[in-house]
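J.: Here is how the chains run, residue by residue.
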Amino acid sequence: QQQVKQSPQSLIVQKGGISIINCAYENTAFDYFPWYQQFPGKGPALLIAIRPDVSEKKEGRFTISFNKSAKQFSLHIMDSQPGDSATYFCAASMQTGGSYIPTFGRGTSLIVHP
Amino acid sequence: DTGVSQNPRHKITKRGQNVTFRCDPISEHNRLYWYRQTLGQGPEFLTYFQNEAQLEKSRLLSDRFSAERPKGSFSTLEIQRTEQGDSAMYLCASSLRGPGQGTSNEQFFGPGTRLTVL
Chain V
1 QQQVKQSPQS LIVQKGGISI INCAYENTAF DYFPWYQQFP GKGPALLIAI
51 RPDVSEKKEG RFTISFNKSA KQFSLHIMDS QPGDSATYFC AASMQTGGSY
101 IPTFGRGTSL IVHP
Chain Z
1 DTGVSQNPRH KITKRGQNVT FRCDPISEHN RLYWYRQTLG QGPEFLTYFQ
51 NEAQLEKSRL LSDRFSAERP KGSFSTLEIQ RTEQGDSAMY LCASSLRGPG
101 QGTSNEQFFG PGTRLTVL
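Same order as they appear, the protein sequences are chains V and Z.
Counted from 1, the first sequence has number 23 at position 23 by my numbering; the numbering is strictly sequential.
Counted from 1, the second sequence has number 97 at position 97 by my numbering; the numbering is strictly sequential.
Keep in mind the hints are simulated off the structure, nothing from the lab.
All C-beta atoms in this analysis are idealised placements derived from N, C-alpha and C, irrespective of residue type, glycine included.
Be a bit skeptical, because a hint or two may be false.
To be verified - Calculated cross-link-like contacts (lysine-lysine; reagent style DSSO-like; alpha-carbon spacing at most 30 Å): (1) Lys57(Z) - Lys71(V); (2) Lys68(V) - Lys57(Z); (3) Lys11(Z) - Lys57(Z); (4) Lys11(Z) - Lys71(Z); (5) Lys5(V) - Lys57(Z); (6) Lys57(Z) - Lys42(V).
Said to hold, decoys possible - Here are a few chain Z residues that sit away from chain V, every Cβ distance over 12 Å (derived from the structure): (7) Thr13; (8) Gln37; (9) Ser62; (10) Thr116.
Okay, chain V solo, but in the shape it has when bound (with noise of 0.2 Å):
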């Protein structure tokens, strides 16, 4: 059972364009939802994160966009770069055993072309 759904799959803007990636999932139980970055050969890194009781994150180009009712939450990057081309993870987490362990999304491969 898949309990985040991610798309799209893969995604290609041009520089300056606006990339979107958007996430829902099932359980009403996660309560902090980070989105990571990923390059190839490395591992992800955590690149914004949100909790429930805000509709809105921003952090330089980058936007989280929080819809509790409807459990979607989106990734909006603004001014897209080359250096943005990489693999995206969002991730919805509730505590367990003491600490938040993500469930990620299946991953958006962006390409920005120059």
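Given the structure of chain V, go ahead and fit chain Z onto it with the hints provided.
T.: Relative to chain V, chain Z alone:
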């Protein structure tokens, strides 16, 4: 480099053999996590330690898998009697929880060990 390190980076083995991977977390990080990532998928949680105590194990962690963190520093993940389905990237992550801090601390991932079972 003071990040999470994993060794080896690549491992090729024959079906039925045992393999062991090592993870060195960021120093002073008291939490350590193991994940498995297959091609085209996100990482899947396997297990997690706080200091030397193994606090959580996923149902994905079959009895052929065992993880240890004997002194609360580095950790090892052993797979016995490997199967072709074990072929994956094995990721380690660490995080720090200190007094008064919440539990949603950032996890820092290592580069992973890629296992290929022939």
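J.: Indicate, hint by hint, whether the structure satisfies it.
T.: Hint check:
| no. | hint | verdict |
| --- | --- | --- |
| 1 | Lys57(Z) - Lys71(V) | holds (27 Å) |
| 2 | Lys68(V) - Lys57(Z) | holds (29 Å) |
| 3 | Lys11(Z) - Lys57(Z) | holds (24 Å) |
| 4 | Lys11(Z) - Lys71(Z) | holds (25 Å) |
| 5 | Lys5(V) - Lys57(Z) | holds (23 Å) |
| 6 | Lys57(Z) - Lys42(V) | holds (24 Å) |
| 7 | Thr13 | holds (21 Å) |
| 8 | Gln37 | violated (8 Å) |
| 9 | Ser62 | holds (18 Å) |
| 10 | Thr116 | holds (15 Å) |
Checked against the numbered hints above, the structure breaks only hint 8 and satisfies the rest.
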